[in-house]
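Colleague: Sequences listed follow chains A and B, in order. Quick note: the first sequence uses the numbering used here, first residue 1, plus one each step. Quick note: the second sequence uses the numbering used here, first residue 197, plus one each step.
Hints may be right or wrong, so weigh each one.
Stated by the list, open to error - With a straight-line Cα cutoff of 25 angstroms, these simulated BS3-like cross-link-like pairs (lysine-lysine) come out:
(1) B:K472 x B:K285
(2) B:K285 x A:K89
(3) B:K445 x B:K472
(4) A:K8 x B:K285
(5) A:K68 x B:K285
(6) B:K285 x B:K379
(7) A:K8 x B:K379
Just so you know, these hints were derived from the structure itself, not from any lab. Please read all numbers here as calculations on a predicted model, not as lab measurements.
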Amino acid sequence: MQPSSIDKYRTYSDEMLLRLINQRDLLAYETLYDRHAQTVHNLLKRIVYDTATAEELLQETFWQVWQKAEQYAEKGAVAAWLNRIARNKALDQLRHDKARPRMTDDDIGALEQSPTYSYEGAEKTVEQRLQQQQVNQALENIPGEQRLCLELAYFEGMSQSQIAEYTSTPLGTIKTRMRIGMEKLERLLRASGYPE
Amino acid sequence: MQENQTPYDNDPNHADQNHNRSSHPLNYEDVVELLPIFVLGALEPDEMLAVDSYINHHQGLAERLAQLEATTAQLAYIAPPLPLPGHVKTQLMQRVQADLIAQQPAPLSIPAIFPPRRRIVPSPGVVMPPAAPPRKPPTNWFSLVTRTLIGVGVAAAMLLLVIRIGQLSITTYRLNAELAELKAQNSQLHTVNQSLEQQLQDQNNQMAVFADKEIALKGTDVAPVALGQFYVVNHKGVLTVQDLPPLPKNQTYQVWLIPAEGPPLSVGFLEVTAAKMGSLMVTIPDAASNFANVGLSIEPIGGSLSPTMSNIVLLG
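Can you build the whole structure from these sequences, using the hints too?
Modeller: As structure tokens, then:
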């Protein structure tokens, strides 16, 4: 295939690529993978910790895209759809294993104190880098205890009652923290242009 | 809002109260309040089911749900970045290509040459003429034999036609399958090629750090897209090339160091892979220690005493 073809595909939107994947277009599939695999892999590794499992789930996530591209409902961003598939697979794996080391109290303390993770040195597209900056900035403006609830739910797959037990905090407080944290995150992201 | 002060916290049974909320029917306000936790998947299983059921019956919440799901998806971007393993993509593309080939359609069925004869049914109100009485069979034997022969001939021709169409259908199917396979292979090669080129670029970058001298080689008219780099470290040289086609078995690429004065000196033979790339480490002879240029030429197998000028492919 000529390089110009790949370049052309790189200009296509995610939605267009998915439509082409539906027609069994390999280049469209490869382009979508190149565009999103990094974020999906980061997410999977953050949830399952284990490198081999994360790689296996990365492949399974994109295999599902190949097999069931038509299930994308076009109600939201393709990236959100992909992240949802990946997260569900990772959390299913966690529930299946139930052996992954949980965060220690020290980890929780560090998470509450630290504004965000560091992203220096990572190779990303400009768009992804901007997106990460936006999310990081938004999270920096959310109180640590609210951010902790969101991250325990999103990355650890904990339910509200598990978070309450884990952090020795009343359930009602956890509910409120999660709700306010999410609404605040939404407001801040929207103010900065995300999510679309 | 003071998020630490909730109505539930002063009640020692708050957990039960919260949890039991799903035991009675949810109203709109309940669901709106629970949606942020629902999209995180953090409600209890019975609450998840109840909210899910409520949403399914109240399409007005779909937009709010989509907004919250989009927000939730953004959390993926705060996962710490890690190197992306290249072998996952390779394996995945192979899997997808195999699936693509397996999904090729079965051979086309041979279409009927003549459509089935339709029975004529009169429309309501249309009076059909009475059927003609059966004719008496002809008794002309010559005519009967002739018509039989013609019928046999037509049947044979039709049979041959059907066989030919069948052959063409099979050929078309086979060609389609081959085409799909070639496309898949092409895509795979493209992926491999990209990866190899990246590796080569990385190697070149690393070499450039340690090299005393670096010479860029450009393709001549014989191989206009070819590129090369020659790095010198002490008395050793490393040549890397790309986009250079493999040669027939009776030819070889010969590497030359060209002093400012004097004839070019051969320092080795370069092999090029199917991916059109190759590298060679050479020892720089004293006679060429102050060489001015590097060249690569196509020579007969075994090499030549001097480069064939019309066959120089890279020069720098």
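Colleague: If a hint holds in the structure, say so; if it doesn't, say that too.
Modeller: Here's how the hints hold up against the structure:
no., hint, in the structure
1, B:K472 x B:K285, "22 angstroms, holds"
2, B:K285 x A:K89, "18 angstroms, holds"
3, B:K445 x B:K472, "15 angstroms, holds"
4, A:K8 x B:K285, "20 angstroms, holds"
5, A:K68 x B:K285, "18 angstroms, holds"
6, B:K285 x B:K379, "17 angstroms, holds"
7, A:K8 x B:K379, "18 angstroms, holds"
Checked against the numbered hints listed earlier, the structure breaks none of them; every hint is satisfied.
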